[in-house]
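There are 2 protein chains.
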Amino acid sequence: MPTRRQCANAIRVLSIDAIEQAQSGHPGAPLGMADMAEALWRHMLKHNPANPAWVDRDRFVLSNGHASMLLYAALHLTGYDLSVEDITHFRQWNSRTPGHPERGVCPGVEMTTGPLGQGIASAVGMALAERLLAARFNTQRHTVVDHRTYVFCGDGCLMEGISHEACALAGVWKLGKLIALYDANGISIDGAIDAWCNEDVGARFAAYHWQVIGPVDGHNAAALDEALARARADASRPSLIICRTHIGFNSPKVDSAACHGAPLGKKAVAETRKALGWEHAPFVIPDDVYAAWDARSTGRNAESAWNTAFEAYRQEHPELAVEFLRRQRGDLPVNWPDIVQTLLQDVQDARESVATRTASRHVLDHLTSCLPELIGGSADLTGSVCTFAQGSENFNAETYTGNHISYGVREFGMSAVMNGLALHGAFIPYAGTFLSFADQAKNALRLAALMGIRVVWVLTHDSIGVGEDGPTHQPIEQLAMLRATPNFLLWRPCDALETAVAWKCAMESRAKPVCLALSRQKVPFFERTAAQVEAVARGGYVLRECDGIPPDLLLLATGSEVHLAVRAAEKLAESGCRARIVSMPCAELFDAQDSAYRESVLPTRVRARLAVEAAAPDYWRKYVGLDGTVVGMPHFGASAPAKDLYARFGLTVDNLVAEALRLLNT
Amino acid sequence: MPTRRQCANAIRVLSIDAIEQAQSGHPGAPLGMADMAEALWRHMLKHNPANPAWVDRDRFVLSNGHASMLLYAALHLTGYDLSVEDITHFRQWNSRTPGHPERGVCPGVEMTTGPLGQGIASAVGMALAERLLAARFNTQRHTVVDHRTYVFCGDGCLMEGISHEACALAGVWKLGKLIALYDANGISIDGAIDAWCNEDVGARFAAYHWQVIGPVDGHNAAALDEALARARADASRPSLIICRTHIGFNSPKVDSAACHGAPLGKKAVAETRKALGWEHAPFVIPDDVYAAWDARSTGRNAESAWNTAFEAYRQEHPELAVEFLRRQRGDLPVNWPDIVQTLLQDVQDARESVATRTASRHVLDHLTSCLPELIGGSADLTGSVCTFAQGSENFNAETYTGNHISYGVREFGMSAVMNGLALHGAFIPYAGTFLSFADQAKNALRLAALMGIRVVWVLTHDSIGVGEDGPTHQPIEQLAMLRATPNFLLWRPCDALETAVAWKCAMESRAKPVCLALSRQKVPFFERTAAQVEAVARGGYVLRECDGIPPDLLLLATGSEVHLAVRAAEKLAESGCRARIVSMPCAELFDAQDSAYRESVLPTRVRARLAVEAAAPDYWRKYVGLDGTVVGMPHFGASAPAKDLYARFGLTVDNLVAEALRLLNT
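These protein sequences, in sequence, are chains A and B.
Start counting the first sequence at 1; every next residue gets the next number (full-length UniProt numbering).
Start counting the second sequence at 1; every next residue gets the next number (full-length UniProt numbering).
Just chain A, with the same shape it has in the complex (with noise of 0.2 Å):
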């Protein structure tokens, strides 16, 4: 039987070897924690190698992804799908083991991490996922929910912002069952962290209301049981367990920052496998080693005995229960064809002018209710970005009931969290804010796109319509950036029907992350008809046609915009210019239509081409090319009414008449 630095020298071996063999990676975190995630792996954390996706496996997030190959290293160990020819392609072409743990490329990854601070914050949403989902499904008899949040983070991530906004939610949230290991091993990329980072952490996660244990000794397995033991104790406060490591263990470059971002080298390598005591070639893991680490039978034995409770439950309660599948699985209701109906009949009935941001209220008065997977929520502006509807709910933290969440003023830790609850499973999140604060949230909204998830930002206030607050809060290039994010869907619709259908889409979109960019101000609704109605999905399309083909002028527009652009088309008609209006409320669907579909939207052939749009214009010039114009806002907005903006701006009726008519006069 080995001993237990012995199993942990075994994740240091095999990173040293996977870095060295890449001649790329970080060595010294896993170095470091080793010690740290035999004591978790080994010992406390429930988990199914077989079964990477069993609904109540304990969640693991390393928040430093960094020490992405510690964590290969324990998943092959307890028995993943995981080779050691995996890890050998450690940071290669298409191996499942790349520089950084990315969700849906290794089995057992929970989430893509690397940007630091990130996976704390994340797996805060994933540790509210499990007070709430339990909250609703266990019964006085009956735990189908019970299974706890651990995070691994470094100097790194608790340095970063997003790592105050995260935790202080964690714990007026009182989320018991999160327990982060802190790697405190003192040194960063620029060396000791003393001179830029003297904070006292304990004191500070302590002022969250967290359970701060420690400093105990990270390399100390029985410090580190007694640590684990002592968090998983508390029910109502999150634990922080502050491990004093040493980066680098046993190689010649231990703490210090040489060993953080390069391989160790040859000579150091054979030196740390010397201190170590490892006697093993590269990549060669002795049997006791693997047996002692092996998790498949306890695993196994695990998600069994948790099937067979789940069966009880099923037995007692089969509505909850094929609720509580329906919602892990990610399917919306069986009724969602209806759900849908009904919500876009009564918007077309109702043909109601408002600002889109009430209309996108108005669908979440329709799907609050429907959908109890829905959890709202925002930062800190909840009248404004018009998130709480009429089946929605104060969340609360005693009862961890509620469907609507305020999450104070933190967007990017909002995002983060979010993320967190669309990873774990059941929950479909959506939250708000204002367009402009996209920036602070942008590297979560851009993690959520690389992994794939269904989370909605609803951003409201999305240009100068904003008014009075001026340019700080108008945004200008907000849209650019999102439609530049991969994987992302913009939707900035022009009215309460492409409102309901964005959220349509949105519900829909199982692997890409959706935002909605709405209007502060009123629009007018528009009549469509049933062919109409049915493109909108398609993300741009004919909303007015001109009298003959093809059209003189091809006149785009999204949003707020577009009834700027149809009364102009009006104007136009009168002066014997046919204008077709487009309407482009999601141009990355658009774009993936055939190329039939757009070309009968934008024929190739008619080259005066008007779009407008009230932010930073260039995005539209890949669709009127270099012989159209665009009418935007090419600077920053001002402090003003919204109409004097418009008027101010350039951004009315007869400048967009005056451009077509220069346009087709050249």
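It is possible that part of the hints are untrue.
Stated by the list, open to error - Calculated Cβ distances over 12 Å to all of chain A for the following chain B residues:
1) Glu165
2) Tyr208
3) Arg244
4) Val284
5) Ala302
6) Lys571
7) Arg621
8) Lys622
Unchecked claim - Straight-line Cα separation of at most 30 Å, BS3-like style, residue types lysine-lysine; simulated pairs:
9) A/Lys253 to A/Lys267
10) A/Lys522 to B/Lys266
11) B/Lys522 to B/Lys504
12) A/Lys512 to B/Lys267
13) A/Lys522 to B/Lys267
14) A/Lys522 to B/Lys253
Source of the hints: derived by calculation from the structure; they are not laboratory data.
We put the beta carbon where it would ideally sit given N, CA and C, even for glycine.
Given chain A, work out where chain B should sit, using these hints.
Below, chain B alone, put in the same frame as chain A:
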């Protein structure tokens, strides 16, 4: 003589009157913080209303910028060039009193605020600037730099993650002359904050090694005086004064979110007036209150005394005095043209084929020794982003010497601190992180652009050239995001010479921040004629002309893809296709050239156009039009060696040749 409360009430009524007149604004905070403002502005602040640019003034930052009317009222009452008429135009087109305070629009406004938390973060930069400048210029007998930085901030500011990043830095930097007054009113837009923010703010700031004072009664003048005196007495720790206040003080909506962001309404305004005992008409301030507030005489005396002291300094240290004034004006050294000429000549002589990040460091080897106003740094990536040059010395928080700061893993906080350094004056901040992490800093970059200040971001690892670290670390949409930001210059140089010109431009760009997107990987050096060297500063130019005009094809490229384009053109020439290579390191500058120049580079009649950039492709549609093609990255990257990624994703000479031929044959 009016009472102190009466003086404070002048702020209150001006605020609610202006908001009522505008029918837009945030009355709650000015009503709540008026006594704090009275204590600070009437009794502590060193400033001269006649000269808002006096270099030794105390800095005041209203971090909770929605309380703008409080600041406008204080500026008006103390005697700045801000009339009652200006105040009645609150939030109107072209007024000097926009919805949130804007630098350059209203005299006495040190920085643009509104995005919560950034004010206090940039104030940290201002306070740091003061200490650095004092260390550089004060002498044993002469003190020419000696001022404080005061901040008002609210619950929202302190919930934001950036407050964690920046305030932790203020603690480790021992910025004793930074004093933050925290308006702890317990209310944010969603209501009483307890449900989403219950942290012990005092304990948190103590963990950062701040002096924490209070809670004090934020409506008690004597208590505020005492707290401010204690704050000023501690020279080695920044101070947080926790002021318990009532939002909407003395209005019928006191202590409720209802008074946060909407006018009180006529009736409530009348009731508030009554409760305040204020009997004057709207916008009327009695003479005795004006007299009590008037800071013009003390301000003039204060500056005059400083001028006298500076004159004595100048006598004793004429060279220091000249240098001090030069730096305050923001002028580059008189020998700047020589510095640039030497730099560019050296680069051309060296002909080094190096990564542009390395080329950037070589430029900094020149600049850091010639420009003492440069203050560099990185977000814990100093070696990788190459910001530490021959003339660099690590910042030391005991002596306030050094010109390179390790900011820790805090991209957003770093960027806001850089803004603060620039706003203070006498510094040109530059600092680096990876381009993908520009996401985290985004809103600070935006604010720099909005304020029009000289700040330089060195954003390296600017493409899939990152290689093994994978998609979390590989920027895709970030170039589009920054190019779409108004008043912002993004450079992506292709070699050492373009890198040097980019730095020249950055140093000379007094009213636009600059971002340098730099490669991790080596790129070849291109030979250029003198005219081409000259043309680089135009942002786009013909790098390689083909035989015969017009060219068959325009091949546009930036950065590390330029050499692929050049080689593709060589191959194309072999098959008789004449491709002109346009290097476009700074598209914004190219767009600003006159149309004749633009036409000379990109002739309208040549429609076969191919652009290549290892980033989101849509931006380039602007130059290639409907008939051109872009070879780019319309999806996320992957983890593998960089050369594999370039090959797998089609960023190759062969693919460019194939796309070019396809274009020419259709």
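State the violated hints by number, sorted upward, taking the hints as numbered earlier in the document. The structure conflicts with hints 1, 2, 7, 8, 12, although it agrees with all the remaining ones.
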